[in-house]
Amino acid sequence: MAETTQAPPPPSRLTYDYVTRTIARTLGNPTRGYFLLLGAAVGLLALGIITLLFLIRYGLGLAGYSHPVYWAVFITCFVFWVGIAHSGTLISAILFLFRSGWRTAVYRTAEAMTVFAVMTAGLFPLIHIGRQWYFYWLIPYPNERGLWPNFKSPLIWDEFAIGTYFTVSTVFLIMGLIPDIAAVRDLATGWRKKLYAITALGWTGANEQWRHYTRGYLYLAALATPLVLSVHSVVSWDFAMAIVPGWHATLFAPYFVAGAIYSGCGMVITLLTPIRKLFQLEEVITVHHFENLAKLCLLTGSIVSFSYLTENFVAWFSGNPAERAAFWYRAFGPYWWASWTMNICNGLLPWLLWSKRVRTNITALFVISIFVNIGMWFERYVIIVVSLAGEPYTTWTNAVYNPTWADWGIMAGSFGWFFMWFLLFVKNFPAVAISEVKEVLAAPMRQKARAGVQHT
Amino acid sequence: MTTHLRLPLPKPLQDIIHPPPTPGVLGVFSYLDTTVDAIKKLRAAGHTDFTVYSPVPRHEIEDALGQAVSPVRMFTLIGGIAGCAIGAWLTLWMSYDWPIVVGGKPVGSVPPYVVIMFEMTILFGALSTILGILFNAAFAARRLGTVQYDERFTNDRFGIFVPTVSDKASPVEKLLRDAGAEEVRRG
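In order, the protein sequence lines correspond to chains A and B.
Okay, so the first sequence: first residue is 64 according to the numbering used here, each after it adds one.
Okay, so the second sequence: first residue is 3 according to the numbering used here, each after it adds one.
Simulated from the structure, these hints should not be mistaken for laboratory data.
Some clues are possibly wrong.
Simulated coverage check for chain A against chain B, where a stretch passes if three residues somewhere in it have a Cβ under 8 Å from a Cβ of chain B [to be verified]: (1) 214-224; (2) 281-290; (3) 459-470.
Pulled from the structure, derived: some chain A residues nowhere near chain B, Cβ distances all over 10 Å [what the hints assert, rightly or not]: (4) A104; (5) S129; (6) I261; (7) Q343; (8) A394; (9) W414.
Away from chain A, derived, C-beta distances all over 12 Å, residues of chain B [as the list claims (entries may be wrong)]: (10) P12; (11) P23; (12) P25; (13) K42; (14) R75; (15) G85; (16) P113; (17) A128; (18) I135; (19) S168; (20) E175.
Since the structure is predicted, the reported quantities are computational estimates derived from the model, not experimental observations.
Each residue gets a CB set at the ideal place from its N, CA and C atoms; glycine is no exception.
Chain A extracted, bound-state conformation (with noise of 0.2 Å):
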């Protein structure tokens, strides 16, 4: 069995203009089963866009925030997707500084991936304000009381550690996308052609071309690399600047970092794997690169246990009576089911993949992603629903929580906008990096005996 999946050497037929025209196939005309997965996705963005007219109308009180519970379900969302993010960065940026060969077959999906996800997240905040068209008070701007934002609070700190972050990915990912637009665009026929000659901005594959923007390259991913790190770090200080118990840590940020890689993980194998499927990519997305991501994720699983176990310790271990009230109310409380999801799916589950047959099988590793996703938005969830909800200071006044229609339908359309753009991207412009494939693959010599080493 440990044979057969071994990483196979590239086979001989894998040449350049293999991989141009597989990958270039894939914006062909598309099937009817795009349709129906568009339609779907559309169809969930709208019930969210009649969720959010409903929630202007009526206002916030039709979700179901009750004192002290006025971070919920919005705010889970966007940790959510914040999280989902960066593991985009991490496979386009890290590996790439790393030379890690096996993230250029997957890195053009899980940087679109990132990039849709913040444009997702950031529309959370937006929401949660509930006056949405006050949006700019967040931005510092000369206005006529003389007013700025305070820069000492983590929430503007996350404004800009998310509008760099947007800003950051989106340049990233079009500047990995110029030479592979190039290539499509040699090969379109059509509206497609002009499009691609007016995306690819002129490309032409010059050595002129390539010296600048190897280089720049390079630059792009060394900045990407502390921003990715610094992000999720700052959104979770939202929670460890508060003094809620539960929130108050300073594990948080390795912690948030981890848990973030390992969703956006989860979330790249589950959206590869119908990709893979569905575009016939089996030769260039093999199931080496599917173990690959299956032990970064249990790697930062792993990281994500520990912290959960050095959460719950140093609540008993500080002998501080909130703070050991608060773990208490997490795991045994109301919210008892929402917690062991949580550890369930995020603490023991990453334990498979030290299976290697686990981590070979592509259908395990669909539906063990899918529930990592779960996991991870549950643990957002007890993170911040639940806390609050249990929070010991002014118990007499607490209510309880649930959310509401509204907190779903706005949820169901975030995953509506998020898998509408994904799908729009994946069948527009080349889902995966065509001229980054063909850099680890030998280049064409004349002479065989001098062909480099090969490594995907």
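Dock chain B against chain A, hints included.
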């Protein structure tokens, strides 16, 4: 010199957007090693201003060309430093413009502002890197004029374009052919 089929633009724009075609010789190569070989021979023959096309960036080509390091890094550095300074100015100046005094603590307290300064460093560094690539690779490269291109260069062929006037073209053609070009044409 040549007939302009497109609408003529005012003088500086015309040269930038529709530069006149450069006369020269284009060689198409199937293999990386033959391309590198041709580059070495061209340089030995005293050619310096030729263009090499490749579907992927390869160090072999870079080394054979002996190119200087791209100036994009200066864009990144200056952008990053400017971003950091803007972050510091933004936070400190705005704090003192509307002071919120909490518990007698400093109005402009640097530790929380480091987060903003950091994010602005990354933002400006990244955007100026993009500008650096665009300026150097897209805009500044246009001064070379319109050089010949083949659609296979983004797929699986390498190419070398040597700008040369027609009476000096035949030795270049011979050189490219000897190095292993599968196709040589004059433009």
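Against the structure, the hints come out as follows:
Closer than 8 Å: that is the beta-carbon criterion, and the stretch 214-224 of chain A has 6 residues meeting it against chain B, so the requirement of 3 holds. For the stretch 281-290 of chain A, the stated coverage by chain B is satisfied: 6 residues place a CB nearer than 8 Å to a CB of that chain, which reaches the threshold of 3. Residues of the stretch 459-470 of chain A with a Cβ under 8 Å from some Cβ of chain B number 0, which does not satisfy the need for three, so the listed coverage is violated. Non-interface status of A104 of chain A relative to chain B is upheld: no Cβ of that chain comes within 10 Å, the nearest being about 30 Å off.
Distance check for S129 of chain A against chain B: the nearest CB is about 30 Å away, which clears 10 Å, and the non-interface claim stands. Residue placement check: I261 of chain A keeps its beta carbon more than 10 Å from all beta carbons of chain B (closest about 13 Å). Under the 10 Å C-beta cut-off, the non-interface status given to Q343 of chain A relative to chain B holds; the minimum distance is some 19 Å. Residue placement check: A394 of chain A keeps its beta carbon more than 10 Å from all beta carbons of chain B (closest about 33 Å).
Look at W414 of chain A: its CB is around 36 Å from the nearest CB on chain B, clear of 10 Å, so calling it non-interface holds up. Taking the minimum C-beta to C-beta distance to chain A, about 20 Å, the non-interface status of P12 of chain B holds against the 12 Å cut. For P23 of chain B, the condition that its CB be more than 12 Å from all CB atoms of chain A holds, with the nearest at approximately 14 Å. Consistency note on P25 of chain B: stated as away from chain A, and its beta-carbon is indeed over 12 Å from all of that chain's, at 17 Å minimum.
For K42 of chain B, the condition that its CB be more than 12 Å from all CB atoms of chain A holds, with the nearest at approximately 14 Å. Residue-level check failed: R75 of chain B sits 6 Å from the nearest beta carbon of chain A, not beyond 12 Å. For G85 of chain B, the requirement that its beta carbon stay farther than 12 Å from each beta carbon of chain A is not met, with the minimum near 9 Å. Against chain A, the non-interface label of P113 of chain B is violated: not every CB pair exceeds 12 Å, the least being about 9 Å.
At roughly 4 Å from the closest C-beta of chain A, the C-beta of A128 of chain B falls inside 12 Å, breaking its exclusion from the interface. With a least beta-carbon separation of about 4 Å from chain A, I135 of chain B fails to lie farther than 12 Å from that chain, contradicting its non-interface assignment. No Cβ of chain A comes within 12 Å of the Cβ of S168 of chain B; the nearest lies about 22 Å off, and the non-interface call holds. Its beta-carbon lying about 20 Å from the closest one in chain A, E175 of chain B satisfies the requirement of being farther than 12 Å from that chain.
Comparing the model with each earlier hint shows violations of hints 3, 14, 15, 16, 17, 18; every other hint is respected.
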